Structures are given as C-alpha cells and as structure tokens.
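Given chain A, put chain B in place with the hints provided.
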Amino acid sequence: MEYLPNILFALALIAGIGFFSRNVKRLSRNIKLGKAVEVNDNKSQRWTNMAKIALGQTKMVVRPIAGLMHIIVYVGFIIINIEVLEIIIDGLLGTHRVFAPLGALYNFLIGSFEVLAFLVIVAVVVFWIRRNVIKLKRFLKPEMEGWPKKDGNLILYIELVLMFLFLTMNAADFQLQQMNAEHYTKAGAFPISQFIAPLFDGMSISSLVLVERTAWWLHILGILAFLNYLYYSKHLHILLAFPNTYYGKLKPKGEIDNVEAVTNEVKLMMDPTADPFAAPAEDTADPEKFGASDVMDLNWVQLLNAYTCTECGRCTSECPANQTGKKLSPRKIMMDTRDRLEEVGKNIDANNGEFVSDGKQLLNDYITQEELWACTTCNACVEACPVSIDPLSIIVEMRRFLVMEQSAAPSDLNNMMGNLENNGAPWPFNQMDRLNWTQES
Amino acid sequence: MNVPTMASLFAEGKQPEVLFWVGCAGSFDDRAKKITKAFVKILNKANVSFAVLGTEESCTGDPAKRAGNEFLFQMQAVTNIEVMNAYEVKKVVTACPHCFNTIKNEYPGLGGDYEVIHHTQFLKQLLDEGKISLEGGTYKGKRITFHDPCYLGRANDVFEAPRELIQKLDAELVEMKNCRKRGLCCGAGGAQMFKEAEAGDKEVNIERTEQALETQPEIIAAACPFCNTMMTDGVKNKEKEASIKVMDVAELIASAEDL
Numbered sequence: 020m021e022y023l024p025n026i027l028f029a030l031a032l033i034a035g036i037g038f039f040s041r042n043v044k045r046l047s048r049n050i051k052l053g054k055a056v057e058v059n060d061n062k063s064q065r066w067t068n069m070a071k072i073a074l075g076q077t078k079m080v081v082r083p084i085a086g087l088m089h090i091i092v093y094v095g096f097i098i099i100n101i102e103v104l105e106i107i108i109d110g111l112l113g114t115h116r117v118f119a120p121l122g123a124l125y126n127f128l129i130g131s132f133e134v135l136a137f138l139v140i141v142a143v144v145v146f147w148i149r150r151n152v153i154k155l156k157r158f159l160k161p162e163m164e165g166w167p168k169k170d171g172n173l174i175l176y177i178e179l180v181l182m183f184l185f186l187t188m189n190a191a192d193f194q195l196q197q198m199n200a201e202h203y204t205k206a207g208a209f210p211i212s213q214f215i216a217p218l219f220d221g222m223s224i225s226s227l228v229l230v231e232r233t234a235w236w237l238h239i240l241g242i243l244a245f246l247n248y249l250y251y252s253k254h255l256h257i258l259l260a261f262p263n264t265y266y267g268k269l270k271p272k273g274e275i276d277n278v279e280a281v282t283n284e285v286k287l288m289m290d291p292t293a294d295p296f297a298a299p300a301e302d303t304a305d306p307e308k309f310g311a312s313d314v315m316d317l318n319w320v321q322l323l324n325a326y327t328c329t330e331c332g333r334c335t336s337e338c339p340a341n342q343t344g345k346k347l348s349p350r351k352i353m354m355d356t357r358d359r360l361e362e363v364g365k366n367i368d369a370n371n372g373e374f375v376s377d378g379k380q381l382l383n384d385y386i387t388q389e390e391l392w393a394c395t396t397c398n399a400c401v402e403a404c405p406v407s408i409d410p411l412s413i414i415v416e417m418r419r420f421l422v423m424e425q426s427a428a429p430s431d432l433n434n435m436m437g438n439l440e441n442n443g444a445p446w447p448f449n450q451m452d453r454l455n456w457t458q459e460s
Numbered sequence: 006m007n008v009p010t011m012a013s014l015f016a017e018g019k020q021p022e023v024l025f026w027v028g029c030a031g032s033f034d035d036r037a038k039k040i041t042k043a044f045v046k047i048l049n050k051a052n053v054s055f056a057v058l059g060t061e062e063s064c065t066g067d068p069a070k071r072a073g074n075e076f077l078f079q080m081q082a083v084t085n086i087e088v089m090n091a092y093e094v095k096k097v098v099t100a101c102p103h104c105f106n107t108i109k110n111e112y113p114g115l116g117g118d119y120e121v122i123h124h125t126q127f128l129k130q131l132l133d134e135g136k137i138s139l140e141g142g143t144y145k146g147k148r149i150t151f152h153d154p155c156y157l158g159r160a161n162d163v164f165e166a167p168r169e170l171i172q173k174l175d176a177e178l179v180e181m182k183n184c185r186k187r188g189l190c191c192g193a194g195g196a197q198m199f200k201e202a203e204a205g206d207k208e209v210n211i212e213r214t215e216q217a218l219e220t221q222p223e224i225i226a227a228a229c230p231f232c233n234t235m236m237t238d239g240v241k242n243k244e245k246e247a248s249i250k251v252m253d254v255a256e257l258i259a260s261a262e263d264l
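Residue numbers (this note's numbering), protein chains in the order written: chain A, 20 to 460; chain B, 6 to 264.
This is chain B alone, in the form it adopts within the complex:
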C-alpha cells in the first residue's frame, strides 16, 4: 500500500492533487482503519495523486464544538488550518462526514478555504471519469440498504453519490422507511459517541438497526465510521452478525474490484 505523506512529498518538491484527511476514527479505530485501507487501495488502483498528513493531522474539533467547547474546537481548527495552508492544500477528501462537514463549512471562516469532498463523491467522480470500473459480480442482486449519515445527508445534502455507487454494483438498493432527508440518526453525532446515552427506553442505534432490518438486507451500507460502529453494534445486539454485514461504501467497491 502506497501512502505518501504531505511532508515526504513536500521534501521532494511535489504537491499532490488531493489531501486525504483520514480522521481520528480512520486512524485509530480498528473497524474504521479497514475503511481507510479500502479507500487507499482504490486511490492507488486509480493512480490518484494524493497524500495524508499523518502525524501532522489532528482532530478537526467536531466533537468539541458540538459538545459546546468552542475554544477547543477553534484551537484545533486553527492548528489544522496552519498545517494545511503551509502545504498549500487546495482539495481535501475524507471518509468521515464529520470531518467533511467541519472542514467544508466551519474552517473557511477561520482561514481555511479548500474544496472539500466526501469519499463517496470522490469515488463517484473516479467512476464517471473511468478511472475505476465496477463490474457486477460480487454484489449482483444482493439486498443492500443505505444508512444516510446525518452529517453527509441532511447536513450537506449529499444523498445520491453513495446510492449511485451501490446501484453500480448491480446490487438491489432497498430503502429504509426513514431515508434521505428524513433519515434517522445512528445515535453517535453531537459527541454522543463518547458518552453514555441519557435515560430512555431504547438506544438510538437499536431503533435505527430495527429500521434497517425491516428491509431484510444482506448488507447495511454506511458512509461514516461512527455510523458503522453504531450499526455494527446494533446488528450484534440483534444477533444478526452472521447474516448481515455492515460495510462502508468504499469497502464494497474495493472488494468488488477484488483489491
């Protein structure tokens, strides 16, 4: 796997076309790391000129901001922006909708102006440009339901890119009763990922998993590392992990291509 860093390219006097913002989950979470690797495999296969920040990357500050700690958020943001501006970053792609939302919408006001796209949009572009091809096969006819991440869908109106990719796999895309603009949260957003839920009669991820199970899917497709965790836990809770897999759209494509 070829994963150049911005620092190493810079030393060679090179500038990649796009910065792959890996994010904390993508760097540290065991499940999310697989998504990161799947995405990098596709980038390598398509000969995309990219680099990561590696040890120079730091949390975007999203969970701090949504927990109410604007100070911590802006400290993180300003530090990251300084690093990215020093490398003259123009374009950023990330597999995390939270990083995507923060860098795209909240960094410009603090001096960080970049073209920011989510990895599902990027993969769709690669497909449209013919840089990757998706021949059916592995997923032909499989029932796949797509869970809209709040920070990709409702927050930024990206609904179609992940769906078009799934359809290109010749899979049967089945929608949950709450989808697109009315998609139900997985329960992780707004820093909930890092705390116990308040008292109630159910966990949000169980409610969402039940909606997913109603579609009788073979695969629940996600496009966010946190949604992935929540849905995976939900499927385990329902003891369905033997028959239903939770996979990121990038993983679907990487495995269809047999990378």
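The shape of chain A in the complex, shown without the other chains:
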C-alpha cells in the first residue's frame, strides 16, 4: 500500500504518454498522405529560420501587444516545464522536491516559476478579454463559429487552471514548511503564492497536506490531459511550429514552383524529333493529376502547415479579399484542409488502412471556387503567418486543378487565356503591334 501513489503515478504517466504517442503516430501518418516534396536544401538557413521564427518569436512581435503576451505564455510554458521534471521524479520515487538540495539556485528557480506563472495568468486573461470582451474582428470571422471559438477559450481556461493549481500547490507547501510539517523540506521561494498562503491560516496540517496533494495531482494530471488535448485542438502549434518553420519556403515569396509533369509535356511538344503518333511505353505511369482537389493531392509540407495552424487569423486580417468582404479567408483554407485531412484519416482507420471514397473532397465540399478565385496572390497571408504557413500555395494548387483538369475558370479568365494563347498578350492585341508605342507621340 505504501507504494500505491507511486504506482498510480507511473500508470497515469504511461497512459498519458502512451495515448500521446498514439496521436503522434496518427498525425504523422496523416501528414505522410501528402505527396513527396524535397525540402532538404540549405539546412543552415532552415535551422536559422527555426531559431528566429519559432524559438525567437520574431514574427509574433510584428503585432506588439499580442506578441508580448504570447512571449510571456511561451516562455512560461517552457520554463515552468522544468518544474514538471521534478514533479515526475517526485511522483515516481515518492520523494518531495527532489531538486531542493540545489539550494539558492532552487529557490531562484521556484521563485521565477512563480513570477512567470503569475505573468501567464495576466496574459491569458488579456487574451480572453481580446476574444470575448473586446471581440477583435479576426476572432469573430464565420470560420470561427462553434468549435473553433470554444476550443480557443478552452485552451485559455486550461492554462489558467494549471497555473492556479501550481500556485495553490506552492502556497500550501509554503504554509506546511512554516508549520514544520514532516516530509515538507524547507525549500523554494514563493514570491507569488505567499500571498495565497494566508488563506490557509488556521488549517490543520492534515487538511493542508490534502490541499497540497490534490493541487499537485490535479496539476500533473492536467498537464498530461492537456498534452493529449493538443491533437484535438488548434494548439498543436506549440510542437509543430518548430518543424513547420524549418520546412517553410526559402525561395522568394513571389516564386510559384514550376510543375514538373507539365515541363515534361511541354518539352515533348517542343521537341521536333518527337514522334506524335508514338504509343506510350508499356511501363509508362498513368498521367499525373494536375493540381489538387483533395488533401492527398497536396504535398506533405502543406498538410503539416494545416496541423500547425493555430487559427490566430493574422493571415485573414491582412488578406485584401477578406478585408473587402469577399468569402476568401486564408485561415479557413488551412482549417478546411486540416478538417478534411482528419476526415480522410478517420476513413482510413475505419477501413483497415485503405481510403474508401466517401464522395467528398476538399474542393467544393470544404473550399468553394468562389473563395479560390478571390485571391490576388499578394502573399500578405504568407507574410503575416508567425509560423511560416503558406495558404497561397494551396490556393494555387486548387486553381490548377480547376483550370487544367476541369477547364472551370471564370469566363473572364478563359478570355484572358484565349488571348494569351492566340496573341501572346492577355488582351486581344496583335503581337505584331507590340512596337506601335514607339511610333506614337
């Protein structure tokens, strides 16, 4: 019986981490449903980008208020997790504050965790106010209705509760230390929780131990639960921001990749020695589908992008089409891609590892043509994303499907392309008139 808490703790830890790794496997399986793409060039630049953008938060501070608040929560999250290491060791070994022998350093650490926890509470409250009281426009777009809005608030509540549990635990501990309670080594500094401790005045040692233990258990169980909530929420960015910034686009933003399958076709067309009547060789692969109508047609970096999106909406608020009331929202493009990918993943799970057509696809069932045609390809969304997501590449890929597989461009664009084909200009002017301007005054 003596070791019951240790065993329970080990079981909780194994369950939490086990479930989490199951989700990670599912996540990586889904991302790998995307097409292969080479992103191993220029490794040093990629590491630099990750260090600057994800670790250094350089793009967050473009918007100073949200940026500063985010840095607090981010730093708090990382630093306070050092404490989790101690909690895990304590839980497994049945020790209490196992790092206490570090002495002054330990006091400093615990003290700074407390200050950070307090700052995190402040930041989270500010975030909550921005979403629910000030009602910033970008948090209220149509794609945020329902679950995304709840999800956003839920994450804030969880963070708030975790921080309060941490401080309550310390406050009770502090009180117990002062009452010279057995097992409660005098260690740590409590710059914040010392103000909570007076609430416990007059409580017996046994009730205080109960408070301390309850807060301790709820805190670590809460962290394990939160870890597993990530996959079901928009919050995966705390992990995926790092690979996503690493694999982010290095080329100039204006450059759209040339489709290799098309290049091969064009080369063949331009080759005077090609035999126009030649039958394709027996082992020729089926002609490639041009563009994307579903998530499997996108490449894996685009799918990673979708899981990384935390729905902050900076892309949408910078989008010229969205600003002028069009249906296009780059954030919705990412959310739709992820939702569809999840749906495809569940389909595969339900059908023994094979995708069975469900009569749906990303195009039309999630993303409408009206949204796709409203894009000006201005790259404002790409520039705005704090974690290097590229919604534009998905839009272009889907336009390619519409035009090259379905000839479904708006008629104005068909006219433009007809002119281009016939006259070498988007307007109906003769190519032979290209120099006329030199003769005009």
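Just so you know, the hints here were simulated from the structure itself, not pulled from any lab data.
Heads up, some of the hints might be wrong.
Calculated cross-link-like contacts (lysine-lysine; reagent style BS3-like; alpha-carbon spacing at most 25 Å) [what the hints assert, rightly or not]:
hint: 1; chain 1: B; residue 1: Lys186; chain 2: B; residue 2: Lys207
hint: 2; chain 1: B; residue 1: Lys46; chain 2: A; residue 2: Lys270
hint: 3; chain 1: B; residue 1: Lys173; chain 2: B; residue 2: Lys39
hint: 4; chain 1: B; residue 1: Lys186; chain 2: A; residue 2: Lys156
hint: 5; chain 1: B; residue 1: Lys186; chain 2: A; residue 2: Lys160
hint: 6; chain 1: A; residue 1: Lys78; chain 2: B; residue 2: Lys207
hint: 7; chain 1: B; residue 1: Lys207; chain 2: A; residue 2: Lys154
Label-pair distances were calculated between CB atoms; the ranges are [what the hints assert, rightly or not]:
hint: 8; chain 1: B; residue 1: Asp162; chain 2: A; residue 2: Ser63; range: 18 to 26 Å
hint: 9; chain 1: A; residue 1: Ser376; chain 2: B; residue 2: Glu201; range: 33 to 41 Å
hint: 10; chain 1: A; residue 1: Gly378; chain 2: B; residue 2: Glu223; range: 53 to 61 Å
hint: 11; chain 1: A; residue 1: Asn455; chain 2: B; residue 2: Glu223; range: 50 to 58 Å
Everything numeric in this text was worked out from a predicted model, so none of it was measured.
Here a beta-carbon is modelled for each residue, glycine too, at the ideal position from N, C-alpha and C.
Frame of chain A, contents of chain B only:
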C-alpha cells in the same frame, strides 16, 4: 526616341548590355505606354546600351500561371526563353513587377538564367553611377506616397530603391498605414486584373486608394502598370483626379529631368 530591337542590333552584329522587357501592359495599355516611353527617354538620356524584343516579345505567362494554367505558362516561358537565349541575353530590366518576378524566379528552372532587375533598381543604379542626375525643383516638397507593388515588395523584397528615388526628388515621402512588407494589394494580382471581383462590400483598389488618400498626397507613386491602373481608377472613383496624380517612379524622374 531611339528604341533599337534585338533583331536589328543582331543584324549589325551588336549586343546590347541590357534587354528592356516591355511587357504586355507597357506595349498595349495606353496609360502604361507612357511609363514605357518615360523609361526609354531616361535610358536614351543616360546613353544606356539597350534593346527591346519588339514583336518577338510575348507575355511571360504570369497571369496564366497564377490563374492555374501551368501549361499555358510554361509554353509562354519556353518560347520566350528560346528567343532570349538565341540573342544570348544576360541582363533584363523591366518596368513590370509581374514580368520581373516571373523572369527572375520562374524562368531559371525552365532554362532561362538572366540577371533580372526592376526599373526602379536600374534607375537607382544609374543615379548612383552618376549617369542621371536629379536636381530637385519640379517635385520639391511635394507630398508623395509610394504604393508597394506586391510582386516587387513582398514577393521579392525590393522596398528601398523606389523610395530612395522619390527622396532624391526632394519630395516629401509619406507612408500609408500599410506599407513595405505589410503593403495592401491594389487588387490586380493573381490574374484579378482580367476578371470581375467576387462579391464583397468593396473593391480592393478602393480600400487601397482610401489608405493612400489618408496621407493627403499630391502624387501617388506606383512602380507597376497594373497598380497604376487600379490606383488611377480608385482616385477617379473618389473624384480626386484633379488634385491627385498617379505616376510611375520612372515618369517622376523623366519629368523632373524635363525629358
């Protein structure tokens, strides 16, 4: 105006230093043709050895590519690259950020490797080399706001060259609330120029024009023929065309030099 073609120079056994890629707008659009001519006047004045492709030039394929028609884009690209490679073109300058972006970034993968610069960068070089001089005067103290073309600015990180030119005119450069990396699109990119906008509550060019008007400019400077059209339409929509002009940076310089 002296506008040699690559073909005529080639016939004389000559090779210009730089190919001036005029672009479709610069060749056919009445407003953009003025920009083309202004730029050529400067090239002539600075004795730049240049030529145009003339009737051998064809659309880069940018609007087709961005509309999703990769086939049409690559057909255009490969044809243009064949022509340019036949003339052994090394350096290309263009007054259109869309042509600039496409030739600079998307042609190399299809066999077209050139040094490509935008006309604002080229003008800045001419100025630095002392081949043109900008004595204030015409634009001294005038309030000029610069609209960043997406395909020059955000797409290719060219923000300073056009601004430095405007400042050299002794003009007062005023920035819009969205500028440089956060510049708002004029609404023409991604083949939008050639179609009606989707339903919404406003046209993008009106939104951008309103941002420009907030700076109370006398001139809205542009560096792209399409932005120029969009901003000109926006200013007309606001009935401000009598007091506010939309001008390309090349036109500002050509008129300051009184060419």
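Report task. Could you grab the alpha-carbon distance between Lys186(B) and Lys207(B) and see if it respects the 25 Å cut-off? Result -> Given pair Lys186(B), Lys207(B) holds - Cα atoms ~23 Å apart, limit 25 Å.
Requested in this report: Mind checking the alpha carbons of Lys173(B) and Lys39(B) for me, to see if they're no more than 25 Å apart?
Outcome: 22 Å, holds
Query raised in the report: Quick one, are Lys207(B) and Lys154(A) close enough, alpha carbons at most 25 Å?
Result: Distance ~23 Å between Lys207(B) and Lys154(A) Cα, so the pair holds.
Requested in this report: Indicate whether the distance between the beta carbons of Gly378(A) and Glu223(B) respects the range 53 to 61 Å.
Outcome: Since the Cβ atoms of Gly378(A) and Glu223(B) sit about 59 Å apart, the hinted range of 53 to 61 Å holds.
Query raised in the report: Can the restraint linking Lys46(B) and Lys270(A) be considered satisfied, given a maximum Cα separation of 25 Å?
Result: Distance ~34 Å between Lys46(B) and Lys270(A) Cα, so the pair is violated.
Query raised in the report: Does the hinted range 18 to 26 Å hold for Asp162(B) and Ser63(A) at CB?
Result: 20 Å, holds
Requested in this report: Below or equal to 25 Å on CA atoms is what counts here, so check Lys186(B) against Lys156(A).
Outcome: Roughly 22 Å separates the two Cα atoms, so the pair holds.
Query raised in the report: Are the Cα positions of Lys78(A) and Lys207(B) separated by 25 Å at most?
Result: 29 Å, violated
Requested in this report: Would you check the hint for Lys186(B) and Lys160(A), treating anything up to 25 Å between C-alpha atoms as holding?
Outcome: Cα-Cα ~24 Å, so holds.
Query raised in the report: So the hint says 33 to 41 Å: do the beta-carbon atoms of Ser376(A) and Glu201(B) match that?
Result: 35 Å, holds
Query raised in the report: Are Asn455(A) and Glu223(B) spaced within 50 to 58 Å by their CB atoms?
Result: Violated: the Cβ-Cβ distance is about 32 Å, outside 50 to 58 Å.
In terms of the numbered hints stated before, the structure departs from hints 2, 6, 11, listed from lowest to highest.
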